[in-house]
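Chains A and B, in that order, are what the protein sequence lines are.
Just so we're aligned: the first sequence equals residues 1 to 658 in my numbering.
Just so we're aligned: the second sequence equals residues 1 to 253 in my numbering.
Heads up, a few of these hints could be off.
Below, computed lysine-lysine pairings styled on DSSO-like, alpha-carbon distance capped at 27 Å [unchecked claim]: (1) Lys480(A) x Lys603(A); (2) Lys359(A) x Lys94(B); (3) Lys295(A) x Lys603(A); (4) Lys603(A) x Lys294(A); (5) Lys202(B) x Lys94(B); (6) Lys319(A) x Lys94(B); (7) Lys94(B) x Lys346(A); (8) Lys295(A) x Lys346(A); (9) Lys319(A) x Lys123(A); (10) Lys575(A) x Lys319(A); (11) Lys233(B) x Lys359(A); (12) Lys233(B) x Lys346(A); (13) Lys575(A) x Lys480(A); (14) Lys295(A) x Lys359(A); (15) Lys346(A) x Lys319(A).
By construction, these hints were calculated from the structure, which means they are not laboratory data.
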Amino acid sequence: MQIIYTDVLVIGGGLAGQRAAIGAKRRGHDTIVLSLVPAKRSHSAAAQGGMQASLANCLGGAGDNEDIHFQDTVRGSDWGADQEVVRMFTHAAPKAIRELAAWGVPWSRVERGDHEITVDGEKQTISENEAAHGLITGRNFGGTQKWRACYVSDGTGHAMLYTMSNRAIAEGIPVHERMEAVALIHDEGRCSGAIVRNLMTGEILAYVAKATCIATGGFGRIYRASTNAIINEGMGAAIALETGRATLSNMEAVQFHPTGIFPSGILVTEGCRGDGGLLLDANGHRFMPDYEPKKKELASRDVVSRRMEQHIAAGQGVKSRFGEHLWLDIRLLGREHIDRNLREVKEICQYFLGIDPAKELIPVRPAQHYSMGGVRTNPNGESQGLRGLFAVGEAACWDIHGFNRLGGNSVAETVVAGMIVGESIADFCDSADGSINVSTALVEKFARKQTQQLANFTLASGTENAFDLTRQMQETMTSKVGIFRHGDQLQEAVNTLQNLLLRSRNINLRSATRGPNPELVAAYRLPRMLKLAQCVALGALQRTESRGAHYRDDYPQRNDLEWMQRTLAVWSEAKDELPTLSYEPLSIMRMELPPGWRGYGAKDYIEHPESALRRQEIDRIIATMPDADRHAHQAALMPFLDKLPPHLRPLNQRLSKF
Amino acid sequence: MNNIPLAEEHRMLQIQILRHNPSALLCDSDKGSHLQTFEVEEALGMTLFIALNEIREEQDPSLQFDFVCRAGICGSCGMIINGRPGLACRTLTKDLPDVIVLAPLPGFELIGDLSVNTGKWMRGMSEHLETWVHNQELEEINIDVIEERMEPRLAEQIYELERCIECGCCIAACGTTQMREEFVGAAGLNQIARFRLDPRDKRSDADYYELIGNDAGVFGCMTLLGCEDMCPKNLPLATQIAFLRRRMAMTTG
Numbered sequence: 001m002q003i004i005y006t007d008v009l010v011i012g013g014g015l016a017g018q019r020a021a022i023g024a025k026r027r028g029h030d031t032i033v034l035s036l037v038p039a040k041r042s043h044s045a046a047a048q049g050g051m052q053a054s055l056a057n058c059l060g061g062a063g064d065n066e067d068i069h070f071q072d073t074v075r076g077s078d079w080g081a082d083q084e085v086v087r088m089f090t091h092a093a094p095k096a097i098r099e100l101a102a103w104g105v106p107w108s109r110v111e112r113g114d115h116e117i118t119v120d121g122e123k124q125t126i127s128e129n130e131a132a133h134g135l136i137t138g139r140n141f142g143g144t145q146k147w148r149a150c151y152v153s154d155g156t157g158h159a160m161l162y163t164m165s166n167r168a169i170a171e172g173i174p175v176h177e178r179m180e181a182v183a184l185i186h187d188e189g190r191c192s193g194a195i196v197r198n199l200m201t202g203e204i205l206a207y208v209a210k211a212t213c214i215a216t217g218g219f220g221r222i223y224r225a226s227t228n229a230i231i232n233e234g235m236g237a238a239i240a241l242e243t244g245r246a247t248l249s250n251m252e253a254v255q256f257h258p259t260g261i262f263p264s265g266i267l268v269t270e271g272c273r274g275d276g277g278l279l280l281d282a283n284g285h286r287f288m289p290d291y292e293p294k295k296k297e298l299a300s301r302d303v304v305s306r307r308m309e310q311h312i313a314a315g316q317g318v319k320s321r322f323g324e325h326l327w328l329d330i331r332l333l334g335r336e337h338i339d340r341n342l343r344e345v346k347e348i349c350q351y352f353l354g355i356d357p358a359k360e361l362i363p364v365r366p367a368q369h370y371s372m373g374g375v376r377t378n379p380n381g382e383s384q385g386l387r388g389l390f391a392v393g394e395a396a397c398w399d400i401h402g403f404n405r406l407g408g409n410s411v412a413e414t415v416v417a418g419m420i421v422g423e424s425i426a427d428f429c430d431s432a433d434g435s436i437n438v439s440t441a442l443v444e445k446f447a448r449k450q451t452q453q454l455a456n457f458t459l460a461s462g463t464e465n466a467f468d469l470t471r472q473m474q475e476t477m478t479s480k481v482g483i484f485r486h487g488d489q490l491q492e493a494v495n496t497l498q499n500l501l502l503r504s505r506n507i508n509l510r511s512a513t514r515g516p517n518p519e520l521v522a523a524y525r526l527p528r529m530l531k532l533a534q535c536v537a538l539g540a541l542q543r544t545e546s547r548g549a550h551y552r553d554d555y556p557q558r559n560d561l562e563w564m565q566r567t568l569a570v571w572s573e574a575k576d577e578l579p580t581l582s583y584e585p586l587s588i589m590r591m592e593l594p595p596g597w598r599g600y601g602a603k604d605y606i607e608h609p610e611s612a613l614r615r616q617e618i619d620r621i622i623a624t625m626p627d628a629d630r631h632a633h634q635a636a637l638m639p640f641l642d643k644l645p646p647h648l649r650p651l652n653q654r655l656s657k658f
Numbered sequence: 001m002n003n004i005p006l007a008e009e010h011r012m013l014q015i016q017i018l019r020h021n022p023s024a025l026l027c028d029s030d031k032g033s034h035l036q037t038f039e040v041e042e043a044l045g046m047t048l049f050i051a052l053n054e055i056r057e058e059q060d061p062s063l064q065f066d067f068v069c070r071a072g073i074c075g076s077c078g079m080i081i082n083g084r085p086g087l088a089c090r091t092l093t094k095d096l097p098d099v100i101v102l103a104p105l106p107g108f109e110l111i112g113d114l115s116v117n118t119g120k121w122m123r124g125m126s127e128h129l130e131t132w133v134h135n136q137e138l139e140e141i142n143i144d145v146i147e148e149r150m151e152p153r154l155a156e157q158i159y160e161l162e163r164c165i166e167c168g169c170c171i172a173a174c175g176t177t178q179m180r181e182e183f184v185g186a187a188g189l190n191q192i193a194r195f196r197l198d199p200r201d202k203r204s205d206a207d208y209y210e211l212i213g214n215d216a217g218v219f220g221c222m223t224l225l226g227c228e229d230m231c232p233k234n235l236p237l238a239t240q241i242a243f244l245r246r247r248m249a250m251t252t253g
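Could you build all of it, start to finish, from the sequences and the hints given here?
Below is the structure:
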């Protein structure tokens, strides 16, 4: 067996993985990126609408800063996020976007003078300032107070990923394509690389590394209706879980995007609504203002998706042979705007629906979109359970999203966390902890186990079909662990998944090829996906409250009294049928923004007494500093700068002032 | 107001796939390359993505093909569809006849069946043409201060060329690549056009001439226009190549 030695192994070639790799490489550490597909085909490319960064260049962004981005993100998370990490993120986001601007991303720019925009179904004229001409512009997105989503037409993720990939090529970082990490090598709580399967030849090889970083994105494909690419099966998070040491957190926090096109689930961007598009029902009625009079179509995604499903349940959906849906109307934006700023949406409508969105309505229904949960990490990106293991991007639960992510905060997280975690990895490799003492016997032990498991699939005389079981898992997740959840159904889902996991050990392959065998791939991924699915279902069952995207109709209130807690999951023993859950408290008394009403969605929640205490304390602290600026106030409430690498600490310049 | 159409009749499609597994000799009995026919009942809104997955799941689990986004944006699923290169994921079967012939894209290393190694080709092209911003000052950019300005129209023009998804359809459709393995193709020349347009890249035409001023570059193009005809993103490839050729011809290499 081939063993490849490197300083840093990054598993996943999307935006987050490549940015972390660039950071580590620039600090002098040999870095290899593994990717299931050519790096430029990673799911990061599918991000359409924008990246949030508080540049405050355009008129709609005037007055924006890190504070407001912080507040929007925490409210969006329904107070599930780690507020210190949100601060690190909002502080570094303008730097990340400016770095990408220098590296070549053709960000859409502010154009001086009059522009016609669509707000609330009406045309308005705004006039952009001369001073901002040519700077990076932003668009409106859900759950934000400012126009902060910076974009490249509606191909933002594509442009970012190509620039990032080209940068990584320029830095000489090899990407080993069509390679899948199937196990982490670890001993006594220290990770030292991965066992990897070559998807073209079926060969098993090992990568030994001082530091290993999971950057494999989300696990949306455990659901049937998902906007996710078909490669988003969460294998990075799953192999971390299978170590029995690394923890996953908040796995029940799964986002459903309001506008998956119906029935295929392909995404059309939130930018459609940000730019003025409306949601209509079977009668052509614009229903969102009935439910959300203030934010309307631009409440956070969890809220809009729930309102849409609620409206369908009330009999107002459009009936079709595939089921019911609603309409997205962007006709009012006009052809010129669509051709310029929503061209990917236009192509998707044209090719998949055969319609022209400048003239016709787009059938939409919420679909699984994003995994807020993932490998639990410290603010520096290192796993809490396994030394030498890092995680970044959607695969991680760094925790800026809590129980609901805001649109535009995902690609922002990939590049910001990539900048930070790349440095942490380099620091780790430079430190005494970075040294490894790995015997080839250990590596071979892990490799043998994988080889044996694969051989078992091809030799076994099982009766189950891998594709069928995968479909059953996906159906179960979509029908029972979806937008509206209920204790009975969740229990049924847990039981079904438990049963499927047992059955997955009895798979029969029709093709025994050990080389490039798609059925074998489905067979060995299935039990791992089932383990992730079980973390989601059991986490949802045990969380007896509603928070962000996790909604229990039997416990409809957010319950701060009992549930200011982050769920942690471990899979202690390989033979276990369920994960072991525990909870990590979120300390209200250390929060900069104590829990309250989000400004949209349900107003009734069970308050924790510490929320009022902390608010009083904050008022008192601020009152003692009458002459201080916002930075001093912030530092007095919840200092965070020391957690950032030194070069990311300076203040961000804006047109107005610091 | 539009509606999702209610189709009543379902055709039985004959999907013929060119099968070949180059690594098969290593592990299995090699059946050689052959055309295999699968029957699939058409469904409403069926794409080749849906049809091929159905074949794999229900008829032949060993069938190889590549899909990632299945939304026409990642460029993984380029293949020859009834003689023309295209993206399989966004090709609706309703637009095709009863008999559909699928083959892998020519011009790339074959992995197996419909799967080809476009990634390796594109990475090689990127390394060769150095498809990144060249700027001495890039090492010391100050990311704390307001970014450099760019004319809004110019940013849009760069994005227009940046929309290439490296699917390989232009390479498969190109007469020159059939004769000259080292030809960088429309995908490569478009990258040069993109960076040449970008003021952040400080390379001169003389620098670009070093990269593409020969038969493996812009002078290899025979202007057959297959690239532009087949580009799924409708990139203005022929115009860009013609423009580059004029610039390069005026540059003393």
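*Given the hint that Lys295(A) pairs with Lys359(A), does the C-alpha gap stay at or below 27 Å?*
26 Å, holds
*Quick one, are Lys295(A) and Lys603(A) close enough, alpha carbons at most 27 Å?*
14 Å, holds
*Quickly compare the C-alpha distance for Lys359(A) and Lys94(B) to 27 Å and report which way the hint goes.*
22 Å, holds
*For the pair supplied as a hint, Lys575(A) and Lys480(A), is the alpha-carbon distance within the 27 Å limit?*
25 Å, holds
*Take a quick look at whether Lys233(B) and Lys346(A) sit within 27 Å of each other, Cα to Cα.*
Status holds; Cα separation ~12 Å.
*Would you check the hint for Lys319(A) and Lys123(A), treating anything up to 27 Å between C-alpha atoms as holding?*
Judged against 27 Å, a Cα distance of about 31 Å means the pair is violated.
_Would the hint linking Lys480(A) and Lys603(A) be met if the CA-CA limit is 27 Å?_
Distance of about 26 Å is within 27 Å: holds.
*Can the restraint linking Lys575(A) and Lys319(A) be considered satisfied, given a maximum Cα separation of 27 Å?*
Cα-Cα ~45 Å, so violated.
_What's the verdict on Lys603(A) and Lys294(A), does the C-alpha distance respect the 27 Å limit or exceed it?_
13 Å, holds
*Sort out whether Lys94(B) lies within 27 Å of Lys319(A), counting only the CA atoms.*
Holds, at about 22 Å.
*Within a Cα-Cα threshold of 27 Å, do Lys295(A) and Lys346(A) meet the stated pairing?*
25 Å, holds
*Can the restraint linking Lys94(B) and Lys346(A) be considered satisfied, given a maximum Cα separation of 27 Å?*
Judged against 27 Å, a Cα distance of about 20 Å means the pair holds.
Violated hints for the displayed structure, listed by number in ascending order: 5, 9, 10.
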